[in-house]
Structure formats: structure tokens, C-alpha cells
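Colleague: I would like the entire structure built from these sequences, with the hints used as guidance.
Just so you know, the protein sequences line up as chains A and B, in that order.
Here the working numbering is used: the first residue of the first sequence is 1, the next is one more, and so on.
Here the working numbering is used: the first residue of the second sequence is 113, the next is one more, and so on.
Hint data in this document are derived by calculation from the structure and do not stem from the laboratory.
There could be a bad hint or two in this list.
What the hints assert, rightly or not - Heads up, simulated DSBU-like pairs for lysine-lysine below, C-alpha to C-alpha not over 30 Å straight-line:
{"id": "1", "chain 1": "B", "residue 1": "K161", "chain 2": "A", "residue 2": "K71"}
{"id": "2", "chain 1": "A", "residue 1": "K57", "chain 2": "A", "residue 2": "K14"}
{"id": "3", "chain 1": "B", "residue 1": "K161", "chain 2": "A", "residue 2": "K9"}
{"id": "4", "chain 1": "A", "residue 1": "K9", "chain 2": "A", "residue 2": "K57"}
{"id": "5", "chain 1": "A", "residue 1": "K70", "chain 2": "A", "residue 2": "K9"}
{"id": "6", "chain 1": "B", "residue 1": "K161", "chain 2": "A", "residue 2": "K57"}
{"id": "7", "chain 1": "B", "residue 1": "K161", "chain 2": "B", "residue 2": "K180"}
{"id": "8", "chain 1": "A", "residue 1": "K9", "chain 2": "A", "residue 2": "K71"}
{"id": "9", "chain 1": "B", "residue 1": "K180", "chain 2": "B", "residue 2": "K170"}
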Amino acid sequence: NAGVTQTPKFRVLKTGQSMTLLCAQDMNHEYMYWYRQDPGMGLRLIHYSVGEGTTAKGEVPDGYNVSRLKKQNFLLGLESAAPSQTSVYFCASTLATYNEQFFGPGTRLTVL
Amino acid sequence: AQSVTQLGSHVSVSEGALVLLRCNYSSSVPPYLFWYVQYPNQGLQLLLKYTSAATLVKGINGFEAEFKKSETSFHLTKPSAHMSDAAEYFCAVSDRTRTSYGKLTFGQGTILTVHP
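Modeller: Dropping the structure here:
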């Protein structure tokens, strides 16, 4: 099993550009999450999904959109990137809410 | 809303010394509690978790944590540090309510440095 994979690993954008980050899991997990990690702030939840076709806002959702058309995939979109969105983005998934979350390797995004 | 405080953003120990990383949470109802480790340029890996029952939880790589309800704490310890333990450690909590959907609230992280 590959676990949780993220594409791409690195990306540099100019302010105002758009992009989509892809998260895929092969563990048949219902719950999926997108977090961003910034120095000294830990990880903060952007959006999450409790099943195929569902999405919900987390702690820091502004400037991001998500979609979960297939159970195994969770997409994070930036419609108009801003320098404040420079961060490392992690996707995670879990089978049940009391279980551990499995994390992907991360995507390092720089917005100039 | 839940909050998690990790005391000390950097902790430095000598190889073979005790490792103690502190975590306190704010909740009147004990949440699910987790410790994750992040090695450089990698994702997070679960060290251990507390969901119920035993208050002393053993994890991987010789780490353990004790849940103390009266102190709202879940400190992480390891009796003897190894060079390979150098990493960033995150404490995280999740509400036990069904509608929390497993969402995690993380502490700010503690970078552990191990000196020879």
C-alpha cells in the first residue's frame, strides 16, 4: 500500500495564479483532511471531508476550496494565490474519528 | 474550542538523558490525545495515542506518555535519548463528540535536539 500520497511535492506560484493539490489514499478511509504547517504554529486544519461528496470548513479555510468526488481523492485548490499562502500543506486520512490520522509527505508551496 | 499548549519550542538533551516534552490541553471533558513525530522534510508519524482506559500509554521507539486528568496534561517521556530521536514533536487533541469528525488541534511543536 502506498498510504497517503500528495502531488506535487514542491511548487512555486506567482501572486494571483491558481493551482490544485492532489491527495490520494489507498486505505479506503472515510475521513480526509487538509492542514497547513507554518513555523511555530503547528498544523492548522483548512478543510476536511467525512465521506465521498462531502466537504466542510476547518480553522483556516479562507482562500481555499476543496472537492472530494471520489472516496480516495481529496483536492485542495487555490483560486488566486497570495504570499500568505506560502506554507507546507499536509493531507491526512483516517478510518474512524478516534483512530490515528495517516499523513502524506507534504507539499511545499511558495507564493511570490 | 480546544487548545493545546506545548511548553518549550526547543528542548535540548544529551544522548542517554531523559526526554520530557510537555503538553497541556484545555477541555473540561478529556479528549483523545495524540503525540506525533516529524522528521525533517517528512510527514507526521504517530508515536502514541490515548483514547481511554490506561492512563500510561506506551508508543513506538521507547516513548510513553501519561494522561493526568487533574492536570489536563499528556507529557511525553523517554528514559534514554538517542541521536535518532532528534525531530519535531507535536501534541494533538480531538474532541470525543461524534460531530468533531476526528478533527485534530495541534500544539505549536517542540524541536528536540540530542547532543552526543
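Colleague: Confirm or reject each hint.
Modeller: Hints versus structure:
no.	hint	verdict
1	K161(B) / K71(A)	holds, 26 Å
2	K57(A) / K14(A)	holds, 25 Å
3	K161(B) / K9(A)	holds, 28 Å
4	K9(A) / K57(A)	holds, 24 Å
5	K70(A) / K9(A)	holds, 21 Å
6	K161(B) / K57(A)	holds, 25 Å
7	K161(B) / K180(B)	holds, 14 Å
8	K9(A) / K71(A)	holds, 22 Å
9	K180(B) / K170(B)	holds, 15 Å
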